[in-house]
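There are 2 protein chains.
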Amino acid sequence: MTTPLRLGIAGLGTVGVGVVKIVRQKADLLAARTGRPVEITAVSARSRNKDRGVNLSTYAWEDDPVALAKRDDVDVYVELMGGENGPAKASIEAALATGKHVVTANKALLAHHGQALAQTAEAAGRVIRFEAAVAGGIPVIKALSEGLAGNEITRVMGVMNGTCNYILTRMQDAGLPYEEVFEEANKLGYLEADPNLDVGGIDAGHKLSLLSSIAFGTQVNFAGVELEGIQRISTEDIRQAEDLGYKIKLLGVAQLTGRGLEQRMSPCLVPADSPLGQLKGGTNMVVIEGDAVEQIVLRGPGAGEGPTASAVIGDVCDIARGFRLPTFGIPASDLVEAKTAQSNSPAPFYLHLTLVDRPGALAKIAAALGEHGISIDRMRQTRHDDTAAPVLIVTHKTQRSDLDAAINAMQASGVMAADPVALRIETV
Amino acid sequence: MTTPLRLGIAGLGTVGVGVVKIVRQKADLLAARTGRPVEITAVSARSRNKDRGVNLSTYAWEDDPVALAKRDDVDVYVELMGGENGPAKASIEAALATGKHVVTANKALLAHHGQALAQTAEAAGRVIRFEAAVAGGIPVIKALSEGLAGNEITRVMGVMNGTCNYILTRMQDAGLPYEEVFEEANKLGYLEADPNLDVGGIDAGHKLSLLSSIAFGTQVNFAGVELEGIQRISTEDIRQAEDLGYKIKLLGVAQLTGRGLEQRMSPCLVPADSPLGQLKGGTNMVVIEGDAVEQIVLRGPGAGEGPTASAVIGDVCDIARGFRLPTFGIPASDLVEAKTAQSNSPAPFYLHLTLVDRPGALAKIAAALGEHGISIDRMRQTRHDDTAAPVLIVTHKTQRSDLDAAINAMQASGVMAADPVALRIETV
Numbered sequence: 001m002t003t004p005l006r007l008g009i010a011g012l013g014t015v016g017v018g019v020v021k022i023v024r025q026k027a028d029l030l031a032a033r034t035g036r037p038v039e040i041t042a043v044s045a046r047s048r049n050k051d052r053g054v055n056l057s058t059y060a061w062e063d064d065p066v067a068l069a070k071r072d073d074v075d076v077y078v079e080l081m082g083g084e085n086g087p088a089k090a091s092i093e094a095a096l097a098t099g100k101h102v103v104t105a106n107k108a109l110l111a112h113h114g115q116a117l118a119q120t121a122e123a124a125g126r127v128i129r130f131e132a133a134v135a136g137g138i139p140v141i142k143a144l145s146e147g148l149a150g151n152e153i154t155r156v157m158g159v160m161n162g163t164c165n166y167i168l169t170r171m172q173d174a175g176l177p178y179e180e181v182f183e184e185a186n187k188l189g190y191l192e193a194d195p196n197l198d199v200g201g202i203d204a205g206h207k208l209s210l211l212s213s214i215a216f217g218t219q220v221n222f223a224g225v226e227l228e229g230i231q232r233i234s235t236e237d238i239r240q241a242e243d244l245g246y247k248i249k250l251l252g253v254a255q256l257t258g259r260g261l262e263q264r265m266s267p268c269l270v271p272a273d274s275p276l277g278q279l280k281g282g283t284n285m286v287v288i289e290g291d292a293v294e295q296i297v298l299r300g301p302g303a304g305e306g307p308t309a310s311a312v313i314g315d316v317c318d319i320a321r322g323f324r325l326p327t328f329g330i331p332a333s334d335l336v337e338a339k340t341a342q343s344n345s346p347a348p349f350y351l352h353l354t355l356v357d358r359p360g361a362l363a364k365i366a367a368a369l370g371e372h373g374i375s376i377d378r379m380r381q382t383r384h385d386d387t388a389a390p391v392l393i394v395t396h397k398t399q400r401s402d403l404d405a406a407i408n409a410m411q412a413s414g415v416m417a418a419d420p421v422a423l424r425i426e427t428v
Numbered sequence: 429m430t431t432p433l434r435l436g437i438a439g440l441g442t443v444g445v446g447v448v449k450i451v452r453q454k455a456d457l458l459a460a461r462t463g464r465p466v467e468i469t470a471v472s473a474r475s476r477n478k479d480r481g482v483n484l485s486t487y488a489w490e491d492d493p494v495a496l497a498k499r500d501d502v503d504v505y506v507e508l509m510g511g512e513n514g515p516a517k518a519s520i521e522a523a524l525a526t527g528k529h530v531v532t533a534n535k536a537l538l539a540h541h542g543q544a545l546a547q548t549a550e551a552a553g554r555v556i557r558f559e560a561a562v563a564g565g566i567p568v569i570k571a572l573s574e575g576l577a578g579n580e581i582t583r584v585m586g587v588m589n590g591t592c593n594y595i596l597t598r599m600q601d602a603g604l605p606y607e608e609v610f611e612e613a614n615k616l617g618y619l620e621a622d623p624n625l626d627v628g629g630i631d632a633g634h635k636l637s638l639l640s641s642i643a644f645g646t647q648v649n650f651a652g653v654e655l656e657g658i659q660r661i662s663t664e665d666i667r668q669a670e671d672l673g674y675k676i677k678l679l680g681v682a683q684l685t686g687r688g689l690e691q692r693m694s695p696c697l698v699p700a701d702s703p704l705g706q707l708k709g710g711t712n713m714v715v716i717e718g719d720a721v722e723q724i725v726l727r728g729p730g731a732g733e734g735p736t737a738s739a740v741i742g743d744v745c746d747i748a749r750g751f752r753l754p755t756f757g758i759p760a761s762d763l764v765e766a767k768t769a770q771s772n773s774p775a776p777f778y779l780h781l782t783l784v785d786r787p788g789a790l791a792k793i794a795a796a797l798g799e800h801g802i803s804i805d806r807m808r809q810t811r812h813d814d815t816a817a818p819v820l821i822v823t824h825k826t827q828r829s830d831l832d833a834a835i836n837a838m839q840a841s842g843v844m845a846a847d848p849v850a851l852r853i854e855t856v
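Chains as they are written, first to last, in the working numbering: chain C, 1 to 428; chain R, 429 to 856.
Only chain C is shown next, with the shape it has when bound in the complex (with noise of 0.2 Å):
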C-alpha cells in the first residue's frame, strides 16, 4: 500500500453524504481496487451541527470551503455545493492554484467557466473530473472520452434531467396538466430552488454542452445552446403525439456540422417504441453515435443519493488509480472555439394550431406551409368549439427556419387563435 489519497468534501446534503458513506463503508473495497486507502481528512458545509445520519466527528471541520480546498491534508478537493460561482468557483480556483484535484458534480459552473477552469487545471498540472455532473449514476464522461476515444463522435443525444422526464411520463401516465404535476414534483422536492433550471432545459443544458465539448473537441459553448422548456407542453399534445406512435421528450441534441455546432435541449417527439421513448420518470439516458462504433445507449438513474456518489467515487478512484486527463479529454489549449450553428438540420415536425373558426383557416394555414416548401405528411382537426378549431399537423422533413418563416405567415394571415406548438420529430 502506498501513501492514501486525502479527500476534503465540501457539500454536505444528498450527495456529499453518500460519498462520506461509500469512503467509510467500503475502505477495503476502495484500497483494493485503486492500490491505496481512501480517506477523508475534512469537510465543510453551511451548517455544522444538522444530523446528517453519519459520523462527521473524525474529520476536520471547516466553515469556509476555500480553506477547506486549501488544506495541506487535502489531495482531492471534491465540490458538491453547487453554483455557478460564488463559493463553489472560488473553492476550485483555491484547490487548483495549491495543488489538488478537483472532482465536481457541478454542471452549471463548468458550462459558465468550464473553459477558464480547464486551463487553470492544466496549468497546474491537476485534474478535473466531473463524472457526476452529467447524467448522474450512468458513466458516460468516461465513456465518451475514454472508452470510444477511437472515435470521430458524429451526435450525442439525451434526456438528461429526471425532473422534467418525471413531469412528462406523470402527465402521461395519471392524464394531469402541467401545472398539477408540476406543483407534485415541487412537493416531492424534485425541483431546484429556481425550477426554471430544470423546467426551462437550463441544467440539461449544461449538461448537453459539457458533453459536446468532450464529443467534438470544442470549448464549452453553453450559450449556444437552444433552449425550450417543457412549460407549454399540454396533456393535449402529449395524447395525440401518443396517439401518433410518439412520446414527448425533453431531449438534447448535439452534432457538429458543416455549418457549426448545432446544439438545442427542447421537447421533441420520438418514436414510443424507441429506448428513449420507453424512457420513465427520474431515469436518464444517452445515446452517443460514432463513425465506429455506431451507436451506444447508456441508460440508468440520473439522480439520488447513491447513483451521483457513485459517480463522484468513480472519478476518484481514477485519480487514487493515477489516471490523468485533461478536463475535456483534449488540452484545454487545443479546444476550439465553436461556431454555434442553428440548429437547421431537417427534420418532420409536429404542429399543433389553433385557429380561428371562419371559412377559409384552414386554406391559409396550408397555403403558408406550401410557400414555403413544406409538404404535409399527416393532418387532423380534432375536437372543435365554437371559437376555434384545433388542427394537428405532422410535416415532411423540413429546416426549422422554413417553418418559423411559414409560422410567422400564418400569424400574419390573421387565422391563428394561439400561438402555435411546434415540437421536432427525432428518430433515434
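Among the hints, erroneous ones may be present.
[Stated by the list, open to error] Partial list, derived from the structure: chain C residues whose beta carbon lies under 8 Å from chain R: (1) 59; (2) 217; (3) 325.
No lab work stands behind these hints: they were computed from the structure. C-beta atoms are modelled at their ideal positions from N, C-alpha and C, and glycine is treated no differently.
Starting from the known structure of chain C, arrange chain R on it as the hints suggest.
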C-alpha cells in the same frame, strides 16, 4: 508530443483491419486525445498477400505472431487472432515476457487462462486490456472496473452473443424454425467455425465469466458457468412466451450469493417491454446492478469491424495515456477463488410439457409440482393431436432444484411424451 506508442498487430481479419484503418485515418485525433502519436510498426497474419483493402506496406511483416510480440519496436501487442490456446496464448506470453502491454479481443483465451495471464502481466508490470472481448463496442469493462468502482456489484446480466439474438429475433419475427434460421445465419457468415460456440452459449459464457471476475473480485471461473444453448427453443415456445408477455433471450446472469458465485448463460423469458426484451438482432445489452448506482443499462453493437475496433482503440488510448490497471480490476493475487454455486435463486419458470393423451395425465403433473412445493400461476393446454397434449405452465417463484426434482417425478410417472422445456423467467 512525447514518444510514439508503437503497436504490433497480430490478426488481420475484420477487426484487425478495422484497427489499422482507425490508426491510419485518425492519427491526429488519437495524438490529440492521448498526448502522443499512436503508430503501427509491425503486423502479422496467416496470409501476407491477401488484399485487405488497406495499405500495410509501411509496416514490418512477421509470419510468426510470437516473433511480432517480441519485436523491440513494439510497445503494445494487439492480439486479434482468437483461439483459446495456440499462437494467441504463446504470443501474448511472449509479449509480456519481453515487456509489452497487451490488448486483445480474445474471450476464450481469457476465460481459460485469464488468471495465469493476469499474474504474468502484473509480475511484469504490464497490463492486459480486453474491452473488445465482451459486448463489442460497448465500453462495459471500463464501466464496471472504473466508472462503478465505488459499488459493491450485486448482479451482472447480459445478452452478449449477437448471433443467438439474431436467430431468436428472426425466429420470432419471421416465424421460422430454428434449423432454418440457423442455416440462414450460417450462410450470412454469422456463426463461428464451431457453431456450438455461439448457439451452445459458450462464447457468451466466456464473456460472462470475465465480467463476473471484475464485478466480484473473483478468479475467472468459466467452468462454473451453467451453460444452456438455444438449440431446443421452438417457434411454439417463442409464440407462447410472446402471448404471455415475454421474449426469449439467451441471457447471462452472474451474482455472488451467500452460497457462492452463481453464473448461468441460458435461454430465459424476459418481459417483452423491458430493455432486454426489446433487444433485436445483433445488438448486445449489459445490465449492471450495484449497491450505490442501482441499475445501469448499456446497449450497443456486439460485433463488427467498426464497433470492435473502437473497443480495441479505446484500450490502446488508455495505455497511451498512461492508465495502468490490473487485468481484472484488482491485483490478480487478490482475486479470490469463487466457490461455484448452483444457480438456485427463486424465480418463476415457464414449462412446456408434452403429455401422453390419457386420463389422469394432467393430474400427475399437477401432483408432481405440488409435492415439490411448486404452485402454478398460469396453465393452459394448447393445440392437441391424437397422441400428445402440450401443456404450458407458468409457476410461481420456485428454486431450480425443486423444479428439477418435480420434473424427474413427472418423467418417472410415465405421462410425459417428450422431454420438457423449462425456462427461467427473469424479471429485470
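Hint by hint, here is what the structure shows:
Look at residue 59(C): its Cβ only gets to about 18 Å from chain R, farther than 8 Å, so that hint breaks. With its C-beta approaching chain R no nearer than about 7 Å, residue 217(C) sits inside the 8 Å limit, and its interface hint holds. A hinted interface residue such as residue 325(C) counts as satisfied when its beta carbon comes closer than 8 Å to some beta carbon of chain R; here the least separation is about 6 Å, so the hint holds.
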